[in-house]
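Enquirer: Sequences are here, hints too, so could you generate the full structure?
For the protein sequence lines, the chains are A and B, in the order given. Just so we're aligned: 72 in our numbering is position 72 of the first sequence, and the numbers increase by one with no gaps anywhere. Just so we're aligned: 111 in our numbering is position 111 of the second sequence, and the numbers increase by one with no gaps anywhere.
Derived by calculation from the structure, the hints in this document are not laboratory data. No experiment lies behind these values; they were computed from the predicted model shown. Please note that a few of the clues may not be correct.
[Stated by the list, open to error] If we take Cβ atoms under 7 Å as the criterion, some of the chain B residues that face chain A in the derived model are: (1) 21; (2) 23; (3) 26; (4) 73; (5) 75; (6) 94; (7) 95; (8) 113; (9) 135; (10) 143; (11) 146; (12) 148.
All residues carry an ideal CB built from backbone N, CA and C; glycine is no exception.
Number of protein chains: 2
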Amino acid sequence: MAAGDMHAVDALIGERMGSPVPLIPELARYIIEAGGKRIRPLITVAAARMLGYEGKAHVSLAAAVEFIHTATLLHDDVVDESDLRRGRTPANRVWGNAQSVLVGDFLFARAFMLMVDAGSMDALHVLSRAAAVIAEGEVHQLVAAGNIATGRAEYMDIIGAKTAALFSAAAQVSPIVAGRPEREEQALETYGRELGLAFQLVDDALDYGGLTADLGKNTGDDFREGKVTLPVVLALQAASGEERAFWEAVMARKEQEATSFERAVAILKAHGALEATLAAARSHAQTAKDALAIFPRNPWRDALEQLAEFVVERAY
Amino acid sequence: MAAGDMHAVDALIGERMGSPVPLIPELARYIIEAGGKRIRPLITVAAARMLGYEGKAHVSLAAAVEFIHTATLLHDDVVDESDLRRGRTPANRVWGNAQSVLVGDFLFARAFMLMVDAGSMDALHVLSRAAAVIAEGEVHQLVAAGNIATGRAEYMDIIGAKTAALFSAAAQVSPIVAGRPEREEQALETYGRELGLAFQLVDDALDYGGLTADLGKNTGDDFREGKVTLPVVLALQAASGEERAFWEAVMARKEQEATSFERAVAILKAHGALEATLAAARSHAQTAKDALAIFPRNPWRDALEQLAEFVVERAY
Numbered sequence: 001m002a003a004g005d006m007h008a009v010d011a012l013i014g015e016r017m018g019s020p021v022p023l024i025p026e027l028a029r030y031i032i033e034a035g036g037k038r039i040r041p042l043i044t045v046a047a048a049r050m051l052g053y054e055g056k057a058h059v060s061l062a063a064a065v066e067f068i069h070t071a072t073l074l075h076d077d078v079v080d081e082s083d084l085r086r087g088r089t090p091a092n093r094v095w096g097n098a099q100s101v102l103v104g105d106f107l108f109a110r111a112f113m114l115m116v117d118a119g120s121m122d123a124l125h126v127l128s129r130a131a132a133v134i135a136e137g138e139v140h141q142l143v144a145a146g147n148i149a150t151g152r153a154e155y156m157d158i159i160g161a162k163t164a165a166l167f168s169a170a171a172q173v174s175p176i177v178a179g180r181p182e183r184e185e186q187a188l189e190t191y192g193r194e195l196g197l198a199f200q201l202v203d204d205a206l207d208y209g210g211l212t213a214d215l216g217k218n219t220g221d222d223f224r225e226g227k228v229t230l231p232v233v234l235a236l237q238a239a240s241g242e243e244r245a246f247w248e249a250v251m252a253r254k255e256q257e258a259t260s261f262e263r264a265v266a267i268l269k270a271h272g273a274l275e276a277t278l279a280a281a282r283s284h285a286q287t288a289k290d291a292l293a294i295f296p297r298n299p300w301r302d303a304l305e306q307l308a309e310f311v312v313e314r315a316y
Numbered sequence: 001m002a003a004g005d006m007h008a009v010d011a012l013i014g015e016r017m018g019s020p021v022p023l024i025p026e027l028a029r030y031i032i033e034a035g036g037k038r039i040r041p042l043i044t045v046a047a048a049r050m051l052g053y054e055g056k057a058h059v060s061l062a063a064a065v066e067f068i069h070t071a072t073l074l075h076d077d078v079v080d081e082s083d084l085r086r087g088r089t090p091a092n093r094v095w096g097n098a099q100s101v102l103v104g105d106f107l108f109a110r111a112f113m114l115m116v117d118a119g120s121m122d123a124l125h126v127l128s129r130a131a132a133v134i135a136e137g138e139v140h141q142l143v144a145a146g147n148i149a150t151g152r153a154e155y156m157d158i159i160g161a162k163t164a165a166l167f168s169a170a171a172q173v174s175p176i177v178a179g180r181p182e183r184e185e186q187a188l189e190t191y192g193r194e195l196g197l198a199f200q201l202v203d204d205a206l207d208y209g210g211l212t213a214d215l216g217k218n219t220g221d222d223f224r225e226g227k228v229t230l231p232v233v234l235a236l237q238a239a240s241g242e243e244r245a246f247w248e249a250v251m252a253r254k255e256q257e258a259t260s261f262e263r264a265v266a267i268l269k270a271h272g273a274l275e276a277t278l279a280a281a282r283s284h285a286q287t288a289k290d291a292l293a294i295f296p297r298n299p300w301r302d303a304l305e306q307l308a309e310f311v312v313e314r315a316y
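Expert: Written out as structure tokens, the structure is:
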């Protein structure tokens with residue numbers, strides 16, 4: 001149902017990643033076409049349509065949101081220094097750190113040009129603030145990496161900034177361009193933020209194989225990078241002395257051996273940390289759905305509800 | 001004379017680099033307070049005042065321009081991978097690549113928040129386009145690094161994008177917020193672009209010690225990084241076979257020995273390449289000054305003219 005608008009978003013993305021410097025679209029395409037689910041622009045599109053918006057600004061804003069996300073992914077690859085991320089060779093390992101940084105900058109700038117096209121200063125305010133908050137969250141996570149004293153509240157702050165801020169902005173810009181009242185803007189801001197938190201917590205659980213413990217090629221990124229995500233925070237709360245020493249070694253000192261990751265998964269499972277993380281994700285997804293209750297039911301509202309279900313169902 | 005406005009710009013810069021994540025202002029301060037000459041924001045301020053602008057948007061835009069410049073410097077350090085740049089340890093060698101990338105992103109996002117404060121969609125258009133062009137120019141220079149076939153026209157394209165685009169945007173936003181006619185906007189856009197080209201060419205000559213051949217701690221960055229700048233382009237046009245082999249070795253293959261830099265300087269001097277580069281800089285600075293002729297003479301116009309003179313005089 002969203003196919004028409006999302007096709008327009010994809011076309012715009014393809015057009016705006018263009019440059020006379022061939023390396024730019026080449027590298028941008030590598031990451032943009034890496035099978036991204038386009039969840040963030042879908043939120044913008046579906047929210048705009050749910051509100052009966054008839055203009056075209058939502059398409060530009062949706063593309064801008066995806067560009068911000070893509071720029072963040074490119075810069076994350078430089079930050080994380082892994083040989084494998086999200087199951088494939090990161091762009092910086094193919095083209096180099098410098099190239100990834102600069103193409104990220106290019107996409108970031110193009111995102112703002114798309115926002116200018118959309119023509120709403122209020123939407124620009126929301127998205128530029130989100131971009132600053134994302135960077136703050138990333139720096140916060142970097143500082144917290146390897147710190148096994150990271151608590152649940154601090155971790156939720158980090159992902160509220162690094163992940164949920166963009167989901168929330170993606171949802172909030174639609175009522176803004178549609179000229180809807182403050183109450184609806186707040187409801188969609190809540191929807192986006194809670195959906196973003198749910199999305200990140202599911203990602204965190206999946207990085208340890210989720211409930212099926214399917215340790216495929218997409219797992220272990222966070223562990224290798226020493227990121228103290230919610231599963232680890234929860235396992236640490238219930239840890240024996242020996243387990244605490246293990247987390248200290250693999251996270252704080254990055255003393256990781258061939259069997260370390262499997263042991264980490266076993267400890268997480270023993271304490272039910274993945275189930276508890278997914279339970280938290282379900283709770284945030286439910287809050288996201290509840291926030292939509294003020295809107296009259298229509299197929300677009302249904303789509304947003306289904307998105308909240310899909311985000312959690314990925315884990316099962 | 002510009003002191004009042006520039007003080008306001010500095011205060012705004014100090015305020016907007018703030019963050020609850022302490023590493024951010026710490027790292028940002030390292031680079032922002034590194035004795036930057038604030039040339040770009042000075043252009044915005046002086047141009048606005050020359051036009052009789054009485055509002056406050058120029059202060060926000062000037063700070064935004066400096067933040068874009070600072071973000072670019074932070075990301076350049078990651079790109080260039082030197083142990084010493086601009087005569088000091090680059091931020092990424094003090095805090096790490098990841099930190100420099102993310103704080104650059106933060107400042108970039110904050111730049112756009114400042115533009116939103118200024119409230120002009122047209123200024124946002126000009127500055128977001130400039131940011132994209134800068135990234136394109138940086139990628140272009142990266143691709144051209146070590147390529148001794150880089151010609152003069154291609155090199156001028158590169159610096160037109162990586163350096164002059166921001167100078168030009170810094171000048172152009174002032175007539176925009178002051179609501180001045182297209183003709184004045186074009187004149188200031190020309191002023192900024194030509195000043196930016198002059199500035200970069202002087203930098204290029206100074207990186208080889210300029211006319212005084214003062215090979216202090218601020219020299220040799222471009223050489224070490226294999227950047228084929230205008231002095232090298234000009235020396236290559238007049239190169240003997242042996243000299244061409246030298247440039248091929250030190251630039252394309254980065255085979256640099258302890259004496260390579262001194263030899264490079266000697267070759268540049270033998271061909272008058274530094275003089276020719278500075279002559280080109282003077283010509284661009286003159287074109288910049290000429291572009292101001294349509295404006296009535298006042299102290300602010302004088303300041304912009306003096307800035308064009310200062311930019312070139314640095315080399316003597």
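Enquirer: If a hint holds in the structure, say so; if it does not, say that too.
Expert: Evaluation of the provided hints:
A cut of 7 Å between beta carbons decides the hint on residue 21 (chain B): the least distance to chain A is about 5 Å, and the hint holds. The criterion of a C-beta within 7 Å of any C-beta in chain A is met by residue 23 (chain B), whose closest approach is roughly 6 Å, and the hint holds. Taken as an interface hint, residue 26 (chain B) does not check out: its beta carbon lies about 11 Å from the nearest beta carbon of chain A, beyond 7 Å. With its C-beta approaching chain A no nearer than about 12 Å, residue 73 (chain B) sits outside the 7 Å limit, and its interface hint is violated.
Checking residue 75 (chain B) against chain A by beta carbon gives a least distance of about 5 Å; that is within 7 Å, so the hint holds. For residue 94 (chain B), the interface hint is violated, since its Cβ never comes within 7 Å of a Cβ in chain A; the closest pair sits about 15 Å apart. Taken as an interface hint, residue 95 (chain B) does not check out: its beta carbon lies about 10 Å from the nearest beta carbon of chain A, beyond 7 Å. At about 5 Å, the closest approach between the beta carbon of residue 113 (chain B) and any beta carbon in chain A falls short of 7 Å, and the interface hint on this residue holds.
The beta carbon of residue 135 (chain B) comes within 4 Å of a beta carbon in chain A, closer than 7 Å, and the hint placing it at the interface holds. About 6 Å separates the beta-carbon of residue 143 (chain B) from the nearest beta-carbon of chain A, less than 7 Å, and the hint is met. The beta carbon of residue 146 (chain B) comes no nearer than 13 Å to any beta carbon in chain A, farther than 7 Å, and the hint placing it at the interface is violated. A hinted interface residue such as residue 148 (chain B) counts as satisfied when its beta carbon comes closer than 7 Å to some beta carbon of chain A; here the least separation is about 19 Å, so the hint is violated.
Hint compliance for this structure: hints 3, 4, 6, 7, 11, 12 are not met, and every other hint is.
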